[in-house]
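Chemist: Chain residues, written in single-letter form:
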Amino acid sequence: MAFIQVTILIFVGITGTAVVVTRNPIHQVIGLSFYGIILGLFFFILQAPDVALSQITIGAVVLPLMFMLALAKIRRQEQRKSSSGHPESARGA
Amino acid sequence: MSILPYAVAGWLFIIGLYGIVTSRNFIHLVMCLAVLQSSTYVLLLSVGYRVGGGPPVFATAPVGTPAVDPLVHALVLTDIVVEATVVALLLSLAIRIHKNTGNLEPDKIVELRG
Amino acid sequence: MANSLAPLPVLVPLAAAVFLALINKHTARWFADFVSISAVCASGIMSVVLLHRTASAPIVYWFGGWTPRTGIAVGVNFYIDPISAVLAAFISLLALCSLIFSLHYFDSVGNLYHVLMLGFVAGMCGFSSSGDLFNLFVFFELMSISAFALCGYKTEEPSTQQGAINFAVMNTIGGFLALLGIAMFYSRTGALNLAQIGRTLSHQSDALIVSAFVFVMCGFLVKAAVFPFHFWLADAHAVAPTPVCVLFSGIMVQLAVYAVARVYWSAMEGPMSGHQAAITSVLAIAGTITALLGAMMCFAQQHIKRMLAFSTISHTGILVVAFALLKPKALAGAALYVIGHGAAKGALFLVAGILLHRFGSVEESSLYGRGRSMKWTGAVFAFSGLGLAGLIPFGTFAGEHGIDVAAKGTSFWWVKVVFIFAATLTGAAVFRVYARVFLGRGAPNATEELATTSDEARETKGPHDHVPVVMFIPAAVLAVSAIASGCVPGSVAHFRRSASAFSDTVAYQAQVLDGTALQEPPLSEAAEQPLAAAITSTVTTMLAVAVAILALLPRRHRKRLYLERLSRAFSTVRNAHSGKIGDYVVYFSFGVAAIGTVLVFLICRR
Amino acid sequence: MTITTRKRLFVMFGAALLAIFMLAVRELPEFGHYRGPYGDVLNRETVYERHVTDVVSAVNFDWRGIDTLGEESILFLSVVGTIVLLRTGDGETEHKDEQGTTSNDDIPLPSEATRVASLGLVGPLVVFGLYIVTHGHLTPGGGFQGGVVLATAPLLVYVAGDLKTFKRIANHEFVEITEALGIGGYLSSGFLGMVLGSAYLRNVLPLGTTGHLFSGGTILVLNVFTGAAVAAGMVSILYAFLEHTIEVRLRRKG
Numbered sequence: 001m002a003f004i005q006v007t008i009l010i011f012v013g014i015t016g017t018a019v020v021v022t023r024n025p026i027h028q029v030i031g032l033s034f035y036g037i038i039l040g041l042f043f044f045i046l047q048a049p050d051v052a053l054s055q056i057t058i059g060a061v062v063l064p065l066m067f068m069l070a071l072a073k074i075r076r077q078e079q080r081k082s083s084s085g086h087p088e089s090a091r092g093a
Numbered sequence: 001m002s003i004l005p006y007a008v009a010g011w012l013f014i015i016g017l018y019g020i021v022t023s024r025n026f027i028h029l030v031m032c033l034a035v036l037q038s039s040t041y042v043l044l045l046s047v048g049y050r051v052g053g054g055p056p057v058f059a060t061a062p063v064g065t066p067a068v069d070p071l072v073h074a075l076v077l078t079d080i081v082v083e084a085t086v087v088a089l090l091l092s093l094a095i096r097i098h099k100n101t102g103n104l105e106p107d108k109i110v111e112l113r114g
Numbered sequence: 001m002a003n004s005l006a007p008l009p010v011l012v013p014l015a016a017a018v019f020l021a022l023i024n025k026h027t028a029r030w031f032a033d034f035v036s037i038s039a040v041c042a043s044g045i046m047s048v049v050l051l052h053r054t055a056s057a058p059i060v061y062w063f064g065g066w067t068p069r070t071g072i073a074v075g076v077n078f079y080i081d082p083i084s085a086v087l088a089a090f091i092s093l094l095a096l097c098s099l100i101f102s103l104h105y106f107d108s109v110g111n112l113y114h115v116l117m118l119g120f121v122a123g124m125c126g127f128s129s130s131g132d133l134f135n136l137f138v139f140f141e142l143m144s145i146s147a148f149a150l151c152g153y154k155t156e157e158p159s160t161q162q163g164a165i166n167f168a169v170m171n172t173i174g175g176f177l178a179l180l181g182i183a184m185f186y187s188r189t190g191a192l193n194l195a196q197i198g199r200t201l202s203h204q205s206d207a208l209i210v211s212a213f214v215f216v217m218c219g220f221l222v223k224a225a226v227f228p229f230h231f232w233l234a235d236a237h238a239v240a241p242t243p244v245c246v247l248f249s250g251i252m253v254q255l256a257v258y259a260v261a262r263v264y265w266s267a268m269e270g271p272m273s274g275h276q277a278a279i280t281s282v283l284a285i286a287g288t289i290t291a292l293l294g295a296m297m298c299f300a301q302q303h304i305k306r307m308l309a310f311s312t313i314s315h316t317g318i319l320v321v322a323f324a325l326l327k328p329k330a331l332a333g334a335a336l337y338v339i340g341h342g343a344a345k346g347a348l349f350l351v352a353g354i355l356l357h358r359f360g361s362v363e364e365s366s367l368y369g370r371g372r373s374m375k376w377t378g379a380v381f382a383f384s385g386l387g388l389a390g391l392i393p394f395g396t397f398a399g400e401h402g403i404d405v406a407a408k409g410t411s412f413w414w415v416k417v418v419f420i421f422a423a424t425l426t427g428a429a430v431f432r433v434y435a436r437v438f439l440g441r442g443a444p445n446a447t448e449e450l451a452t453t454s455d456e457a458r459e460t461k462g463p464h465d466h467v468p469v470v471m472f473i474p475a476a477v478l479a480v481s482a483i484a485s486g487c488v489p490g491s492v493a494h495f496r497r498s499a500s501a502f503s504d505t506v507a508y509q510a511q512v513l514d515g516t517a518l519q520e521p522p523l524s525e526a527a528e529q530p531l532a533a534a535i536t537s538t539v540t541t542m543l544a545v546a547v548a549i550l551a552l553l554p555r556r557h558r559k560r561l562y563l564e565r566l567s568r569a570f571s572t573v574r575n576a577h578s579g580k581i582g583d584y585v586v587y588f589s590f591g592v593a594a595i596g597t598v599l600v601f602l603i604c605r606r
Numbered sequence: 001m002t003i004t005t006r007k008r009l010f011v012m013f014g015a016a017l018l019a020i021f022m023l024a025v026r027e028l029p030e031f032g033h034y035r036g037p038y039g040d041v042l043n044r045e046t047v048y049e050r051h052v053t054d055v056v057s058a059v060n061f062d063w064r065g066i067d068t069l070g071e072e073s074i075l076f077l078s079v080v081g082t083i084v085l086l087r088t089g090d091g092e093t094e095h096k097d098e099q100g101t102t103s104n105d106d107i108p109l110p111s112e113a114t115r116v117a118s119l120g121l122v123g124p125l126v127v128f129g130l131y132i133v134t135h136g137h138l139t140p141g142g143g144f145q146g147g148v149v150l151a152t153a154p155l156l157v158y159v160a161g162d163l164k165t166f167k168r169i170a171n172h173e174f175v176e177i178t179e180a181l182g183i184g185g186y187l188s189s190g191f192l193g194m195v196l197g198s199a200y201l202r203n204v205l206p207l208g209t210t211g212h213l214f215s216g217g218t219i220l221v222l223n224v225f226t227g228a229a230v231a232a233g234m235v236s237i238l239y240a241f242l243e244h245t246i247e248v249r250l251r252r253k254g
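As you go down the protein sequences, you meet chains A, B, C and D in turn.
Note that the working numbering numbers the first sequence so that position 85 is 85, with each residue one more than the last.
Note that the working numbering numbers the second sequence so that position 7 is 7, with each residue one more than the last.
Note that the working numbering numbers the third sequence so that position 580 is 580, with each residue one more than the last.
Note that the working numbering numbers the fourth sequence so that position 239 is 239, with each residue one more than the last.
Source of the hints: derived by calculation from the structure; they are not laboratory data.
Careful: at least some of the hints might be erroneous.
Stated by the list, open to error - With a Cα cut of at most 20 Å, we get these calculated PhoX-like pairs of lysine-lysine: (1) D:K7 - B:K108; (2) C:K25 - D:K167; (3) B:K108 - A:K81.
Please model the entire structure based on the sequences and the hints provided.
Modeler: Written out as structure tokens, the structure is:
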């Protein structure tokens, strides 16, 4: 096994673990994006350009973007709830 | 050393499960699920790799050049799209749950019991 | 090509779904109903035609025309034998009933419900006929995705999302565990086709093969809701729209067991030969626990949908036991059982849907006596309850009898007791609800147990003072099918023959990879004692009625009989069903680790 | 169970699980020694049989085309599911109660430089995406990758702050129709083979010359349909998450 493969693999393991143990979702999203890039690199090294391209576009861009948007949406819901004792929150409870 | 890629795949699966078990936030939980899922990519691509093989593209290289397994690449492509869709669906569920209960903590939402 | 019908039961619903999405904004509700019902009908009719054609030999259909080359499968195939065709036809029947039932349902929403339903049906049909391991995974995900969305459909209630998220997370984890297993199979054999995997593996078995099988099996068993993976099912059923529950409980869960059986007999039969005892004992124990636990949990429920969900868990446990016996005869019984149970359970869920429509509640205590005027609906409910209890001549009776016969003479003869227990308790729960809700018997508020959920929001609009015909008829049809499935002359023999073909691994591999047709397997008619079985089934049903009556006794009588203490002791088990996804994942990892350790240890020690 | 209890239990079971997994993968062929035969057959045959040079695309769109159809359907159903789950229910008045909260909206409008840069990137991005989609059978890439690249183009419009245009591009109706057309096209091209007397998804179009753009028969066609479905699917999912924010920002701008 080539040195570069070992290095990147270990890096994959570490970043993956880091994404999981990061408890703050916003930091986690950044970690996830980074993780996506590392995985993409790993795939590239494994001679899988198709997958690497797909991983970098989806795993490193679209997926974190989805999380960002979801977080933004949730924050907005929270703001709305706190700004005016909104009936909507009462509905759910 | 040669089982390192497999070990990493197993580790990613377990650490993803660990994240889900200990999660206090649905968004965090979904991201752990994404990590768990990436274990399948690593395993699939690793089992199809061949030392000295080129990419399975024969645009410039002539047919017969040693190449890695193209099949697992196709499987992983499918898998990646599946991941994105599952994440999208779970995130919309999480947004909904937050909207209805004002809460994102899995353990605090105990409507269904017993 | 003569068999060009083979992929159509999947493609037609899918095409209808796409078509409906395309014209979504510009079409009326009735048109969407029309398109989806005709698509499901068409899919069902084609499955029946296929069933007819498979009578001579199973159909192997290669997508893209890629037939295998010198034994190497280069494409993906559908393998349609009588059992998978019957399942596909049954999927269509259930989907048809729930679509007709939903004509009055969801008045407020657009046509996306139909799109999801059609996608769900397509996914299930594909899952039942695929002969390729990765393709199986794709269809597994297809049906999962639509099931998640359908489950979370009633977006207004907080419990809905909780149930849907538990469902989605557990099943996704299960799916990817299965994919890990698939990758392991692939790395060893270089094949994804089940027949080719089986042939390449031949008789070798080592830790890799065993754990790959364990991963695939456990991944699918998550969907089958086998202990300890069953926790999500009750949550999902309690919150999913009632017509969707019919499909969840009636066939989706059972399909997962079917897939495990398919994988086993097409690929794992060789590697596991000589180790059957290990598989049998592990799975029989898991199935037994599932059946017992599900039955007890079922009886303890007040929420009717949740109660029926636990009853499904219990009956799936029976199916798993049937598979664990690894005998064609048990398999035939199981196939019949799936139909009989699915129809009865579907009818029960639809009656629950009618109750929800009329009274806006599916809580037993709050419905007390309110169903007195609904004689016919009540009759359907009680009648289907007889089906759950396995009374002769329901399909469940014939199925259970088949499994019993297979278990006889093995060291697993005692599963009969488990079956009786499960049938008694699940039947009793239905009868108890019937007596309280439709007859107004027993104490009005007989329960001091923790109320599980609050009232559900209605799923319908419009007048609620009568039972609409379109809601009643599907329920009645399903109840009649439950009994009809056991009465079709020759059906038992037919299922036996199909099951022995199903479990003929070598013939399967030859047909898929070499294209050699199967010979008709000889019909082995074993001596049976239908009389003894009939008596047992009658006694079981009477027991179920007796237990229901016991449960209806006033509290002081129940105290004297120690029933109260019993139910208190059981509360620990109930509390384990906490609704917390973290807990469920812990149980899941326990289950996989336990099954894996035991099987690897038993099979691979040298 | 509390989280601590769960953690303790899981450490035990997870370790057992990992142990089984490691025991199993010890028996795998050594890393880097793929043994075939499936992949090798594909590598050997694809160029001759299908006149395409990217084997992965041939696997996705020809050898195992039904998997991709299933996967497109998964994407399609998940888009439908997302829309269903995020729909505004009857009892809710989402769009009417914004006056009090718009001031909390802290997303700044982009600077002029960002605007120009983002909008300037849209063109090349679209061209790049189309290139990847249409050359999927020749070089790495294809419907998935190109589709995702195309899906990011409307997002650049969003980043540039041109919300009205973004809304026009990404509104549900347009995107849903593209999505349905993409997957519908895939589904119906499959019937072509069936109509011509062969199996579903049989590649019956002329295969052309290896290495040319118009080669590979249905592989190219399916690639394009997949590109449309993936691009539309991704835009629709992102739009479903963004919808509300856009409404607010548009209102604030006047």
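Chemist: Checking each numbered hint in turn, tell me which of them this model violates, lowest number first.
Modeler: Those not satisfied: there are none.
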